[in-house]
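> Protein sequences appear in the order of chains A and E.
Numbering-wise, the numbering used here puts 26 at position 24 of the first sequence, and it's gapless, one number per residue.
Numbering-wise, the numbering used here puts 126 at position 124 of the second sequence, and it's gapless, one number per residue.
In short, the hints are calculated from the structure, not lab data.
Where hints are given, some of them may not hold.
As the list makes no split between identical chains, a pair holds if one copy fits it or if it spans any two.
Taking lysine-lysine pairs in the DSS-like style, the calculated list, with each CA pair at most 27 Å apart, reads [claimed, not checked]:
1) Lys4 to Lys203
2) Lys203 to Lys85
3) Lys56 to Lys181
4) Lys181 to Lys99
There are 2 protein chains.
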Amino acid sequence: MKHFILASTSTLFGETYLAYLQPAMNVLYEGVDEIIFIPFARPGGISHDDYTSKAAEAFAQIGVRVRGLHTFDDPATAISNAKGFFTGGGNTFLLVKTLHEQGLMYVLRDAVNNGAPYMGCSAGSNIGGVTMSNTNDMPIVYPSSFDTMGLISFNLNPHYLDPIPGSQHMGETRETRIKEYLTQNTTPVLGLREGSWIYAKGDSLTLEGALSARIFEAGKEPYELPPGSSLANLQ
Amino acid sequence: MKHFILASTSTLFGETYLAYLQPAMNVLYEGVDEIIFIPFARPGGISHDDYTSKAAEAFAQIGVRVRGLHTFDDPATAISNAKGFFTGGGNTFLLVKTLHEQGLMYVLRDAVNNGAPYMGCSAGSNIGGVTMSNTNDMPIVYPSSFDTMGLISFNLNPHYLDPIPGSQHMGETRETRIKEYLTQNTTPVLGLREGSWIYAKGDSLTLEGALSARIFEAGKEPYELPPGSSLANLQ
Numbered sequence: 003m004k005h006f007i008l009a010s011t012s013t014l015f016g017e018t019y020l021a022y023l024q025p026a027m028n029v030l031y032e033g034v035d036e037i038i039f040i041p042f043a044r045p046g047g048i049s050h051d052d053y054t055s056k057a058a059e060a061f062a063q064i065g066v067r068v069r070g071l072h073t074f075d076d077p078a079t080a081i082s083n084a085k086g087f088f089t090g091g092g093n094t095f096l097l098v099k100t101l102h103e104q105g106l107m108y109v110l111r112d113a114v115n116n117g118a119p120y121m122g123c124s125a126g127s128n129i130g131g132v133t134m135s136n137t138n139d140m141p142i143v144y145p146s147s148f149d150t151m152g153l154i155s156f157n158l159n160p161h162y163l164d165p166i167p168g169s170q171h172m173g174e175t176r177e178t179r180i181k182e183y184l185t186q187n188t189t190p191v192l193g194l195r196e197g198s199w200i201y202a203k204g205d206s207l208t209l210e211g212a213l214s215a216r217i218f219e220a221g222k223e224p225y226e227l228p229p230g231s232s233l234a235n236l237q
Numbered sequence: 003m004k005h006f007i008l009a010s011t012s013t014l015f016g017e018t019y020l021a022y023l024q025p026a027m028n029v030l031y032e033g034v035d036e037i038i039f040i041p042f043a044r045p046g047g048i049s050h051d052d053y054t055s056k057a058a059e060a061f062a063q064i065g066v067r068v069r070g071l072h073t074f075d076d077p078a079t080a081i082s083n084a085k086g087f088f089t090g091g092g093n094t095f096l097l098v099k100t101l102h103e104q105g106l107m108y109v110l111r112d113a114v115n116n117g118a119p120y121m122g123c124s125a126g127s128n129i130g131g132v133t134m135s136n137t138n139d140m141p142i143v144y145p146s147s148f149d150t151m152g153l154i155s156f157n158l159n160p161h162y163l164d165p166i167p168g169s170q171h172m173g174e175t176r177e178t179r180i181k182e183y184l185t186q187n188t189t190p191v192l193g194l195r196e197g198s199w200i201y202a203k204g205d206s207l208t209l210e211g212a213l214s215a216r217i218f219e220a221g222k223e224p225y226e227l228p229p230g231s232s233l234a235n236l237q
């Protein structure tokens with residue numbers, strides 16, 4: 003049974019790492035004593051070891067041990083045998099490049115589809131979509147493909163931001179960028195605001211958190227979906 | 003003699019398209035009566051024809067005719083024979099994908115290196131750098147390479163934005179993103195604020211406009227360069 007969380011952000015303003023997600027993590031990882039952490043997105047260039055320590059500290063609070071994927075001699079076998087996963091945020095291009103280079107993207111997808119609980123935040127959520135094409139990140143490295151796990155049948159835009167009223171900046175708004183995507187593609191995009199996450203359990207797929215999400219579909223005006231909405235038919 | 007402008011933005015807040023650049027364009031395109039416009043970045047999904055009309059209207063004010071690159075049967079030959087170029091902003095991924103697909107990126111580079119005046123704005127400036135890796139745009143399509151013309155020996159971040167004081171948004175700042183780039187690459191990055199442009203004439207390369215630029219180099223703290231500074235040694 004598929005069981006995963008794809009969250010907009012790891013951290014809310016003024017809170018500690020993963021704090022707001024802890025109740026949801028208690029449910030997701032129930033009965034799991036150890037997970038694999040995927041540190042490849044390296045926010046701010048942090049090392050794999052340091053990033054894994056940061057995740058381990060947060061997971062210790064729910065009684066789950068953490069081992070970094072980079073520490074295994076045979077990461078593909080480690081993924082296939084793992085009891086659960088967490089992929090942290092950072093740079094999506096670096097994350098996707100590393101997973102494809104090591105041949106791990108679809109090994110991870112299969113493990114999650116076979117029932118190992120998965121949580122992603124930000125870049126770690128982007129790879130739950132069909133492609134990484136709606137990341138906000140800078141293309142600091144060139145991945146061999148933008149294709150990602152496709153745990154869901156749409157794409158995510160984490161850290162979704164509404165246009166800022168009165169802004170004099172002439173760069174594109176988030177909405178403009180996603181609309182440009184839909185001139186070239188037909189996959190729907192869900193703008194996931196900070197504090198929101200998607201929760202999948204078996205055939206159920208819902209929007210969680212206190213905020214609505216903004217949905218972008220080709221040929222339609224963007225619209226809002228309230229928290230608690232089913233996303234099972236978005237494709 | 004190389005002669006080009008790479009501008010942060012086409013339009014300043016409250017102004018018309020290319021208005022603030024008109025004095026610089028008068029110098030750049032002196033003696034030129036027709037240029038090729040490269041419309042491939044398609045901001046907001048605008049058609050190649052409509053985008054070319056918009057450029058033509060602005061260039062009419064300096065007495066220069068405009069023809070869209072998409073209208074030529076043999077665009078490579080057209081580029082080689084052209085008297086000058088302008089590449090408009092929009093989505094850098096779409097621009098770079100189209101230029102590589104049609105085998106035009108290095109034909110254009112050679113024409114500019116051979117002396118045809120070139121102006122780029124935003125995405126059109128990104129392709130003047132070594133790679134497109136410091137664009138702000140969303141990866142809506144997958145280019146065959148991130149390599150660009152390398153008219154300059156560094157990369158550009160157009161529409162450069164300083165961190166917003168007091169922001170509660172947890173997405174990365176522009177500075178964080180560029181610093182992440184420098185954990186994976188050694189090419190310097192110039193953060194070009196709206197209203198600034200780079201001007202090359204022969205061996206001279208300077209920062210123009212009223213604002214300073216922010217320079218990011220591997221292993222150094224970012225620093226500001228005032229307007230008028232030479233950029234000839236940034237590499």
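> Is it within a copy, between copies, both, or neither that the alpha carbon of Lys4 lies no farther than 27 Å from that of Lys203?
The answer is within: 6 Å in one copy meets 27 Å, while 60 Å across copies does not.
> Cα distance capped at 27 Å. Does Lys56 pair with Lys181 within a copy, between copies, both, or neither?
Between. Shortest inter-copy distance 20 Å satisfies the 27 Å Cα cut-off; intra-copy 36 Å does not.
> When no copy is named, should Lys181 and Lys99 be tagged within, between, both, or neither for a Cα gap of at most 27 Å?
Answer is both: 25 Å inside a copy and 18 Å across each meet the 27 Å cutoff.
> Which holds for Lys203 with Lys85 at a C-alpha limit of 27 Å: within a copy, between copies, both or neither?
Intra 16 Å, inter 61 Å, cutoff 27 Å: intra-copy only.
Going through the hint list in order, the structure satisfies each hint without exception.
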